[in-house]
Amino acid sequence: MPHKSIPVIETKRLVLRGPEADDYPNFKSTFTSYRARFMGGPLNPYETWMLYAAEIGHWQIRGYGMWMIHDKRSDKPLGMAGGWKPAQWPEAEIAWIIWPETAGRGYALEATHAARRYFYDTLGWAGAVSYLDPKNLDSIRLAERLGAKKDPEAATVDGNDICYRHPAPAALRNSQLADGIALEIAHYSDPKYQPEGYALD
Amino acid sequence: MTSIPVLTTERLTLRGPDASDVAPITTFYASERSHFVGGPKDADGAWRQLGTEIGHWTLRGYGRWMVDLSATGATVGIVGLWNPVGWPEPEIGWDLFDGFEGKGYATEAAAAARAYAYDVLGWSTAISLVAPDNTGSAAVASRLGAVLESSFDHAKLGHLQVWRHPGPDDLENGGMGAYA
Chain A
1 MPHKSIPVIE TKRLVLRGPE ADDYPNFKST FTSYRARFMG GPLNPYETWM LYAAEIGHWQ
61 IRGYGMWMIH DKRSDKPLGM AGGWKPAQWP EAEIAWIIWP ETAGRGYALE ATHAARRYFY
121 DTLGWAGAVS YLDPKNLDSI RLAERLGAKK DPEAATVDGN DICYRHPAPA ALRNSQLADG
181 IALEIAHYSD PKYQPEGYAL D
Chain B
202 MTSIPVLTTE RLTLRGPDAS DVAPITTFYA SERSHFVGGP KDADGAWRQL GTEIGHWTLR
262 GYGRWMVDLS ATGATVGIVG LWNPVGWPEP EIGWDLFDGF EGKGYATEAA AAARAYAYDV
322 LGWSTAISLV APDNTGSAAV ASRLGAVLES SFDHAKLGHL QVWRHPGPDD LENGGMGAYA
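Chains as they are written, first to last, in this note's numbering: chain A, 1 to 201; chain B, 202 to 381.
Derived by calculation from the structure, the hints in this document are not laboratory data. Quick caveat: nothing in here was measured; it's all calculated off a predicted structure. Among the hints, erroneous ones may be present.
Straight-line alpha carbon distances no greater than 27 Å define the calculated DSSO-like cross-link-like pairs of lysine-lysine that follow [as the list claims (entries may be wrong)]:
no. : chain 1 : residue 1 : chain 2 : residue 2
1   : A       : Lys-28    : A       : Lys-72
2   : A       : Lys-28    : B       : Lys-357
3   : B       : Lys-242   : A       : Lys-85
4   : A       : Lys-28    : A       : Lys-76
5   : B       : Lys-357   : A       : Lys-85
6   : A       : Lys-28    : B       : Lys-242
7   : A       : Lys-28    : A       : Lys-135
Just chain A, same shape as in the assembly (with noise of 0.2 Å):
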């Protein structure tokens, strides 16, 4: 019974939608265990309900926060993205991660490029970073994906972290890279889809 609703954002194979009680058990399983491990974990099963507790409460303080990605057809859960930033973070995060039997199937692109727009177009953000641990070369990659680059020059949280910074969203839109990023999503939801002039060799 929060105090304000969280915004449901439908995308071509997706739901996203707020944390609830009934999504808790795949947030434990990855938080206590090694998987965990670029993401401050592993916790203990009583710091992992808080902090499940206080994705839900993020969305109350910040006005935005983490949602939990579904499957739009079996309603599964299958990771969780979206704007993060508790108190000792220098700017306002885009953070993903996707439960581990689900991996590689472009989900945690296809919501973070939702997640992303949602905040450029609803909330008027700036812009966005990530902070990503170095050896977290898969979230590096999807960073890489969504046309962040490493800000050198930019604070980090703690400082075994790197700052990418996110394309602006005038540099987004109408973009090559937008174009790509809707390119890949669509590959993914149908692998034989191929777009028109693709080239053969």
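Once you've looked at the hints, dock chain B against the given chain A.
Coordinates of chain B only, in the frame set by chain A:
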């Protein structure tokens, strides 16, 4: 969506935590007073604790209120119903901020929270967890009619006393009036 209910007592207003509480919670968790309840925490930890207080309402359907003095609007503490994963059972908890102790605010707010738990949520019993050397908190439990029953060891918070509150029937039959 349902919002967090507002409770009022003779002197106090209990309301849902929100963004305006970042400063008081950060100050509280920076203070020595917070060491009985998992502090001290840095600004980031305190901010996350506020997030957790709010999210608790979503996950459990109940939680803790920020307690304001109705007359001035000053926030004096956090009191309410608390039950994170690993808790022995649902608890009535109270944290008073610096400078507001000794005026009966925790007792007054906790009595209202307990009445809400019994009358609205239908709880049949309730406990409060108290750090063994937190004599101020033990006195509040005692004034509420709770009795020291057992103890509980928490992985993060250490050894805690379990105080058992009088049940709803005990309170109806001549116990202390929950609604002041």
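Each hint, compared with the structure:
1. A/Lys-28 x A/Lys-72: Distance ~22 Å between A/Lys-28 and A/Lys-72 Cα, so the pair holds.
2. A/Lys-28 x B/Lys-357: 18 Å, holds
3. B/Lys-242 x A/Lys-85: With a Cα-Cα distance of about 17 Å, the restraint between B/Lys-242 and A/Lys-85 holds, given a limit of 27 Å.
4. A/Lys-28 x A/Lys-76: 15 Å, holds
5. B/Lys-357 x A/Lys-85: 25 Å, holds
6. A/Lys-28 x B/Lys-242: Distance of about 23 Å is within 27 Å: holds.
7. A/Lys-28 x A/Lys-135: This hinted pair holds, its Cα atoms lying about 22 Å apart.
Hint violations for this structure: none, all hints satisfied.
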